[in-house]
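The lines below spell out each chain.
Protein chains: 2
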Amino acid sequence: MTTKKTFLSEEFLPKQWYNLNADFPKPMPPPLHPGTGKPPTPEDFAPIFPMNLVEQEMTPARWVDIPAEVREVYRIWRPTPLYRADRLEKALDAPVKIYFKNEGVSPPGSHKPNTAVAQAWYNKAFGVKRLVTETGAGQWGSALAFATKLLGLECKVFMVRVSYDQKPYRRLMMQTWGAECVASPTDTTEAGRKILAKNPDSPGSLGIAISEAIEQAVQRKDTRYSLGSVLNHVMLHQTVIGLEAKKQLEALGDYPDVVIGCAGGGSNFAGASFPFIADKIAGKQIQVIAAEPTSCPTMTRGPYAYDFGDTNQTTPLLPMHTLGHDFVPAPIHAGGLRYHGMAPMVSHAIRLGLIEPVAIDQVETFESGLLFARTEGFIPAPETNHAIAAVIRAAKQAKEEGKQKTIFFNWSGHGLVDLAAYDAYLTGKLKPYSLPDEEIQRALKAIEKLPKIA
Amino acid sequence: MTTKKTFLSEEFLPKQWYNLNADFPKPMPPPLHPGTGKPPTPEDFAPIFPMNLVEQEMTPARWVDIPAEVREVYRIWRPTPLYRADRLEKALDAPVKIYFKNEGVSPPGSHKPNTAVAQAWYNKAFGVKRLVTETGAGQWGSALAFATKLLGLECKVFMVRVSYDQKPYRRLMMQTWGAECVASPTDTTEAGRKILAKNPDSPGSLGIAISEAIEQAVQRKDTRYSLGSVLNHVMLHQTVIGLEAKKQLEALGDYPDVVIGCAGGGSNFAGASFPFIADKIAGKQIQVIAAEPTSCPTMTRGPYAYDFGDTNQTTPLLPMHTLGHDFVPAPIHAGGLRYHGMAPMVSHAIRLGLIEPVAIDQVETFESGLLFARTEGFIPAPETNHAIAAVIRAAKQAKEEGKQKTIFFNWSGHGLVDLAAYDAYLTGKLKPYSLPDEEIQRALKAIEKLPKIA
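In order, the protein sequences belong to chains U and X.
If you count by this note's numbering, then the first sequence holds residues 55 to 508, one letter each, in order.
If you count by this note's numbering, then the second sequence holds residues 55 to 508, one letter each, in order.
So that you can see chain U by itself, here it is in the shape it has in the complex (with noise of 0.2 Å):
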């Protein structure tokens, strides 16, 4: 038996997640209120969120029990395969072994159903009937809305209007699963209006989709708000994907030199990486290399500093590495890491020293995808070619340095709804592009006056 595609057998699938808060040597610094300047209280987020999922983005608990029916409902697409990418490893002809976890065999086709079925699940238990959110892309909204159909909740979501009228795929696949989608900015919400008022042709932005998705969610008691990334207890569920990999590569005796993934809000870098830096805090020799676009720089040109979550300042103010919330992203083809923060745990760990960021042009990282979809099958999502990008440069590493590693790194999803973007890189209209200092600095003007980090 080789170990092209392996362990899928039940004993794979965790019973709890992992929560790396519990092994951090130094403990996060908290959220802030913007009003109190202090931390906020758990009722603070009752309108938003259920209190059973505050509890959790609060937990101190290193493990947290997987309710049978999620896993029940993960157990469609789960465990997911571990891959030995020979024909990768043989076209890049380097001293290293090449492991990933296949995220984009779930029924949306990416990692995002990890957390949206659980958030469902818990929704569901503290009696809501109805989630609201936004998405841009669509990655996330569809994943919502898979979730909450199977689990027998109502879903709508603001899609940013450019995204609506341009990637319809995405829009249709919530709608086959009976989400109601809009364009977002709508009439229905002050925030729309607002911002309709202004300019009627408005393309919309995740910070208005983000606004819009809250002010409902907390107008009917039966309904929250829910997101799919940054948050700590996003973290905590998608860490399914780095256990399930430990187990896996465990079964085969090995384990990684590096550990790779694409990072937008950070939530399948997260989810593949922290079970593998628990292990680096207890002294395991290892790389963790977290990979962002260069037109958005959070990790590599952003500071750690508060900032909102979002562009209207109704979120609390989290402490993250970030561009500013004014600050809006060229309309790169990988939308899911088009994300002005970065996930507080994420960022934490990165001032802590365990995880390496790099910053990748687009171009290198359709080239890299190209190259994994002529060898290994799978036509990557513009975001995790990100990865294989910073996968491809680690093993070019290892041969310049004549060293054996073995690499792990996740696939985070396919790319069939995003052919336009190889379409664009084939017929050469991709150009590279990073973002000019001056704009990063004009960006940072909108956290100029907020708390800094102690």
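A few of these clues could be false.
Copies of one chain are not kept apart here, so a pair can be met inside one copy or by any two copies together.
Derived pair list, reagent style SDA-like, types lysine to any residue, alpha-carbon separation capped at 25 Å [stated by the list, open to error]:
| hint | residue 1 | residue 2 |
| --- | --- | --- |
| 1 | K69 | T368 |
| 2 | K221 | T481 |
| 3 | K453 | L303 |
| 4 | K338 | F78 |
| 5 | K151 | T481 |
| 6 | K503 | T90 |
| 7 | K301 | T460 |
| 8 | K144 | T354 |
| 9 | K301 | S63 |
Hints were generated in silico from the structure; no laboratory data involved.
Keep in mind the model is a prediction, meaning the values are calculated, not measured.
Got chain U sorted already, so can you dock chain X onto it with the hints?
For chain X alone, coordinates are given in the frame of chain U:
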């Protein structure tokens, strides 16, 4: 351990394909050379197919070894998961167990690479450097693009112009895997120029595209033609589906009372059902159902007769259920079921009473597919929805009869690049459509003067 997704280990991947031709109680009528009226010799096929595949097309052997390198590529996505559709069962409230094979986990998202990989390998072994084929909606073209890239051959695909223009995603998939994809008719072939002279804006057809592909294949010594359905060797390669399913069901201690697949050219249906039909010939009491669209009712309303495989009458005469080689099916969303004929092996099995064909209207198929997506999670291809509709009919029948039944069906592919079809259904744009009798009578004039099956 439950049975949601199971038995994915190496041992379930077959080492041999199964050939139903070895077990038919009565042999199939031979194909006929249209010029001589006699069965074609292997040499007749030599300019079109490599001799090792011609031999396989004609072999009486019951088992054919799967080459090691083909199995290595299969292992990228095979064995495919066998699922218990317990959420669908619950929604149907019928005394049935429903199992399905998820063939959508392959990189192109359907069962097509099962034969594409095999055909690419045999051509390569024969010294061929380049394959030419045609594709309608693009499932087959994308599968051959994937297979040739992984095995190191060049690939050219003539894609029917109307699909080339209207369905860019499959074309982009082919290009991502490095294939050349052109809109047919082209001005690079005699056949294409003839059509363009009459109508420069011709939308193309599968018949024209086949003629263009064959014409180019025979021009170059390093090139051969490849077909994704209908032929015996294609049915043979697809039997990995049914062979795996039998082993997986056996490991669960189960065996189906009803086996179901959708059938256009017949390959996914044959692949899933032939290993079970072998048992039926040996005495097992099982029902085998092939589902087709009412808009293209080849099996249910077309006679069993000799006919050409293509519109331009370039192929041998094949003994099959046919609506006549001139027949142009309505532009339904299930593009893979729009073919005037049915594989000779499937047609023969129908005549022998081994298979029950059923025609289902597209509105019922999408209603069924939507119920599947909203219970089991995965969004099915429009073709696959025909199988699901037949499953739901079988479940309702079991309920009416008050009988416990185990149903197995082939989930031939996902619908993630066919979501426009779901949109048409959800917005009420799909209308019921049965092919009128007078159209069938008109189409069948094309075969009036051809030899009859003895």
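Task: Violated hints - listed by number, lowest first - done: Hint check: 1, 5 and 8 fail, others pass.
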